[in-house]
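So the sequence lines, in the order shown, correspond to chains Z and A.
The numbering of the first sequence is our numbering, which starts it at 337 and goes up by one.
The numbering of the second sequence is our numbering, which starts it at 24 and goes up by one.
It should be emphasised that the hints constitute simulated quantities derived from the structure, not laboratory data.
Nothing here was measured: the structure is a model prediction, and the numbers come from that model.
Beta carbons: idealized from backbone N, C-alpha and C, even for Gly.
Don't take every hint at face value.
Unchecked claim - With a straight-line Cα cutoff of 25 angstroms, these simulated BS3-like cross-link-like pairs (lysine-lysine) come out:
no.: 1; chain 1: Z; residue 1: K665; chain 2: Z; residue 2: K706
no.: 2; chain 1: Z; residue 1: K610; chain 2: A; residue 2: K62
no.: 3; chain 1: Z; residue 1: K492; chain 2: A; residue 2: K77
no.: 4; chain 1: Z; residue 1: K605; chain 2: A; residue 2: K83
no.: 5; chain 1: A; residue 1: K34; chain 2: Z; residue 2: K450
no.: 6; chain 1: A; residue 1: K73; chain 2: Z; residue 2: K492
no.: 7; chain 1: A; residue 1: K34; chain 2: Z; residue 2: K605
no.: 8; chain 1: Z; residue 1: K465; chain 2: Z; residue 2: K450
no.: 9; chain 1: Z; residue 1: K605; chain 2: A; residue 2: K62
no.: 10; chain 1: Z; residue 1: K610; chain 2: A; residue 2: K83
no.: 11; chain 1: A; residue 1: K56; chain 2: Z; residue 2: K466
no.: 12; chain 1: A; residue 1: K83; chain 2: Z; residue 2: K557
no.: 13; chain 1: Z; residue 1: K610; chain 2: A; residue 2: K35
no.: 14; chain 1: Z; residue 1: K610; chain 2: A; residue 2: K34
no.: 15; chain 1: A; residue 1: K62; chain 2: Z; residue 2: K465
no.: 16; chain 1: Z; residue 1: K450; chain 2: Z; residue 2: K605
no.: 17; chain 1: A; residue 1: K62; chain 2: A; residue 2: K34
no.: 18; chain 1: Z; residue 1: K706; chain 2: Z; residue 2: K733
no.: 19; chain 1: A; residue 1: K62; chain 2: A; residue 2: K83
no.: 20; chain 1: Z; residue 1: K605; chain 2: A; residue 2: K55
no.: 21; chain 1: Z; residue 1: K398; chain 2: Z; residue 2: K366
As the list claims (entries may be wrong) - Which residues of chain Z face chain A? A few of them, derived with a C-beta cut under 8 angstroms, are:
no.: 22; residue: I469
no.: 23; residue: I501
no.: 24; residue: L504
no.: 25; residue: L505
no.: 26; residue: T509
no.: 27; residue: H529
no.: 28; residue: L585
Read off the chains here:
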Amino acid sequence: MKDFITVSELNEYINSLLSEDLFLRSFWLKGEISGFRLYQQSGHLYFNLKDKDSSVNCVMFKSRARKVNFQLEDGMEVLLRASVSVFARQGRYQVYVEEMQPYGLGGLYLQLEKLKRELDAKGYFNAEKKQAIPEMPSCVGIVTSQDGAALRDILKVIRQRNRGIRILLVHSTVQGEGAARELAEGIRLLNEHAEAELIIIGRGGGSLEDLMAFNSEEVVKAIYESNIPLISAVGHEVDFSLSDLAADLRAATPTQAAQMAVPDIASLKEEIIKSRQGLERAISRKIQYNSELLDRIMMRKVWKESRAMLAQREDILQELIRSLLRAIKDKQKGKEQGLSLLASSLDALSPLKTMQRGYALVRKDSYLLKDGDAVEIGDELQLSLWNAELEVEVKTKERVKR
Amino acid sequence: MKKLKFEDALKKLGDIVDELESGELELEDSIKKFEEGIKLSLLCQQELEKADGKIQRLIKTLDGEIEVLDINI
Numbered sequence: 337m338k339d340f341i342t343v344s345e346l347n348e349y350i351n352s353l354l355s356e357d358l359f360l361r362s363f364w365l366k367g368e369i370s371g372f373r374l375y376q377q378s379g380h381l382y383f384n385l386k387d388k389d390s391s392v393n394c395v396m397f398k399s400r401a402r403k404v405n406f407q408l409e410d411g412m413e414v415l416l417r418a419s420v421s422v423f424a425r426q427g428r429y430q431v432y433v434e435e436m437q438p439y440g441l442g443g444l445y446l447q448l449e450k451l452k453r454e455l456d457a458k459g460y461f462n463a464e465k466k467q468a469i470p471e472m473p474s475c476v477g478i479v480t481s482q483d484g485a486a487l488r489d490i491l492k493v494i495r496q497r498n499r500g501i502r503i504l505l506v507h508s509t510v511q512g513e514g515a516a517r518e519l520a521e522g523i524r525l526l527n528e529h530a531e532a533e534l535i536i537i538g539r540g541g542g543s544l545e546d547l548m549a550f551n552s553e554e555v556v557k558a559i560y561e562s563n564i565p566l567i568s569a570v571g572h573e574v575d576f577s578l579s580d581l582a583a584d585l586r587a588a589t590p591t592q593a594a595q596m597a598v599p600d601i602a603s604l605k606e607e608i609i610k611s612r613q614g615l616e617r618a619i620s621r622k623i624q625y626n627s628e629l630l631d632r633i634m635m636r637k638v639w640k641e642s643r644a645m646l647a648q649r650e651d652i653l654q655e656l657i658r659s660l661l662r663a664i665k666d667k668q669k670g671k672e673q674g675l676s677l678l679a680s681s682l683d684a685l686s687p688l689k690t691m692q693r694g695y696a697l698v699r700k701d702s703y704l705l706k707d708g709d710a711v712e713i714g715d716e717l718q719l720s721l722w723n724a725e726l727e728v729e730v731k732t733k734e735r736v737k738r
Numbered sequence: 024m025k026k027l028k029f030e031d032a033l034k035k036l037g038d039i040v041d042e043l044e045s046g047e048l049e050l051e052d053s054i055k056k057f058e059e060g061i062k063l064s065l066l067c068q069q070e071l072e073k074a075d076g077k078i079q080r081l082i083k084t085l086d087g088e089i090e091v092l093d094i095n096i
């Protein structure tokens with residue numbers, strides 16, 4: 337008789353070999369799901385995991401399966417942590433799954449797209465809910481890991497651009513368990529504190545898996561509900577995170593977020609100086625223009641001529657004044673001479689000279705008589721000779737023609 | 024002058040410069056605008072230079088109080 341072992345002993349022996357291997361006790365395995373089935377009674381999951389050339393049976397017990405937070409289906413690529421042991425009844429080895437995540441773009445994208453549609457339907461990404469980013473915040477809130485490169489990058493850029501900015505940091509883990517909740521709480525804390533004028537949430541680059549907290553409904557909702565404008569800065573290669581979609585502004589990296597958040601004080605100062613120079617240039621141009629205008633007006637003939645005319649008139653006036661003064665002087669000088677001259681001309685006009693030559697003045701009732709018709713016979717007349725006054729009576733009257 | 028926000032002041036300053044540079048204002052208005060512009064530019068500059076620059080950490084304590092701590096990073 338040859339030595340032999342039973343089937344059970346064989347399986348048991350192989351199983352012991354497998355369980356002695358440390359690697360097989362816990363490892364990560366990647367593959368595509370096929371033949372997926374869920375046993376309703378037990379709640380256990382069964383499927384094959386395959387790649388191009390191979391396939392292996394997998395089982396995930398209900399207690400572990402409960403933690404799977406995405407929909408499993410055939411064709412999905414997954415990453416799972418597992419151990420291997422022998423399923424003695426069928427004499428084959430089996431993979432026992434401890435935890436499972438969608439693998440890479442395929443699986444995560446499916447999950448992400450689904451969540452994106454849901455959140456979009458809730459209005460979390462609505463463009464009309466976006467708030468304007470303040471141009472010149474004096475206080476910026478940051479929600480990120482205090483140990484991360486993202487924080488260092490943001491602080492570096494903000495300080496370069498404006499050392500005066502006040503920073504309010506809320507530390508949060510940015511990946512793994514609890515990250516989504518901490519990020520969301522950080523946003524809410526800054527809103528409650530209400531002194532930051534702008535919030536940056538973010539982290540540096542990482543795999544899509546690393547960034548999943550920024551794709552959680554919890555964080556998206558907190559961003560949507562934030563009364564403070566928010567910039568999402570998740571460094572990554574993929575097209576978007578859901579935080580980006582919900583944020584008021586999206587930056588590709590934390591560095592870019594800081595550039596967007598804080599204007600460069602040096603260039604602002606330059607802008608102000610340029611404005612002031614512009615003001616000074618414009619006002620001096622205005623003044624120059626007006627003074628030129630004045631000059632041109634003053635150069636016109638009318639001003640010159642009128643001045644000439646005025647001068648001329650003044651000459652005439654001066655001349656008149658001079659001759660007036662002269663006349664007054666002359667008058668005073670020849671006062672007596674003038675007086676005798678006046679007397680002689682008066683003398684020339686006097687009727688006495690004429691009367692001396694034999695003429696007489698005849699008056700009636702002291703009126704000088706010029707017309708014979710005014711005289712009646714019997715009238716008394718006064719006769720003036722050059723050296724006598726006579727009273728006479730009219731005896732006759734005869735008209736004569738001379 | 025009423026307290027303007029920096030960005031409003033800066034924008035107004037730009038508008039005044041444009042207005043003045045257009046040369047369409049009367050001399051008297053130009054001078055008024057010029058004075059206003061200079062005031063705004065000084066205001067903006069002051070605003071830029073009022074620096075605090077503190078870095079603080081915000082923490083919510085267990086009894087729900089918000090604590091603000093100055094930190095050095």
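Hint check:
Distance hint between K665 of chain Z and K706 of chain Z is unfulfilled; the C-alpha atoms sit about 46 angstroms from each other, more than 25 angstroms. In summary, the hint linking K610 of chain Z to K62 of chain A is supported, as the alpha carbons are separated by about 14 angstroms, within the 25 angstroms threshold. A C-alpha spacing of about 14 angstroms is found between K492 of chain Z and K77 of chain A, which places the hinted pair at or below 25 angstroms, so the restraint holds. A C-alpha spacing of about 38 angstroms is found between K605 of chain Z and K83 of chain A, which places the hinted pair above 25 angstroms, so the restraint is violated.
A C-alpha spacing of about 44 angstroms is found between K34 of chain A and K450 of chain Z, which places the hinted pair above 25 angstroms, so the restraint is violated. The straight-line distance between the Cα atoms of K73 of chain A and K492 of chain Z is roughly 20 angstroms, inside the 25 angstroms bound, and the hint therefore holds. Proposed proximity of K34 of chain A and K605 of chain Z is supported: the alpha carbons are some 14 angstroms apart, at most 25 angstroms. Between K465 of chain Z and K450 of chain Z the alpha-carbon distance is near 22 angstroms, which keeps this suggested pair within the 25 angstroms criterion.
For the hint linking K605 of chain Z to K62 of chain A, the alpha-carbon distance of about 15 angstroms falls within 25 angstroms, and the restraint holds. At most 25 angstroms may separate the alpha-carbon atoms for a hinted pair to count; K610 of chain Z and K83 of chain A exceed this at roughly 45 angstroms. Between the alpha carbons of K56 of chain A and K466 of chain Z the distance comes to roughly 36 angstroms, so the proposed pair goes past 25 angstroms and is violated. For the hint pairing K83 of chain A with K557 of chain Z, the CA-to-CA distance comes to about 20 angstroms; that is within 25 angstroms, so the pair holds.
Taken as a hint, the K610 of chain Z and K35 of chain A pair is honoured in the structure, with Cα atoms around 14 angstroms apart against an allowance of 25 angstroms. Between K610 of chain Z and K34 of chain A, the direct Cα distance comes to roughly 13 angstroms. Compliance with the 25 angstroms bound is thereby established for this hinted pair. The suggested pairing of K62 of chain A with K465 of chain Z is violated, with an alpha-carbon distance near 36 angstroms, which exceeds 25 angstroms. Taking the CA atoms of K450 of chain Z and K605 of chain Z, the gap is about 48 angstroms. The hint is violated against a cut of 25 angstroms.
Our distance criterion of 25 angstroms between C-alpha atoms is met by K62 of chain A and K34 of chain A, whose separation comes to about 13 angstroms. With a C-alpha separation of about 15 angstroms, the suggested pairing of K706 of chain Z with K733 of chain Z holds against the 25 angstroms cut-off. Among the hinted pairs, K62 of chain A with K83 of chain A is inconsistent with the structure: their alpha-carbon atoms are about 43 angstroms apart, more than 25 angstroms. Taking the CA atoms of K605 of chain Z and K55 of chain A, the gap is about 23 angstroms. The hint holds against a cut of 25 angstroms.
Restraint check for K398 of chain Z and K366 of chain Z: the C-alpha separation of about 21 angstroms stays at or below 25 angstroms, so the hint holds. The interface hint given for I469 of chain Z is broken, as the beta carbon of that residue sits about 11 angstroms from the closest beta carbon of chain A, more than 8 angstroms. For I501 of chain Z, the interface hint holds, the least distance from its beta-carbon to any beta-carbon of chain A being 6 angstroms, beneath 8 angstroms. With a cut of 8 angstroms, the hint placing L504 of chain Z at the interface with chain A holds, because the nearest CB-to-CB distance is about 5 angstroms.
With a least beta-carbon distance of about 5 angstroms to chain A, the hint placing L505 of chain Z at the interface is held under the 8 angstroms criterion. A least Cβ separation of about 15 angstroms between T509 of chain Z and chain A goes past the 8 angstroms threshold, and the interface hint is therefore violated. Because the smallest distance between the Cβ of H529 of chain Z and any Cβ of chain A comes to about 5 angstroms, under 8 angstroms, the interface hint for this residue holds. Hint on L585 of chain Z is violated. Least Cβ distance to chain A is approximately 16 angstroms, over the 8 angstroms limit.
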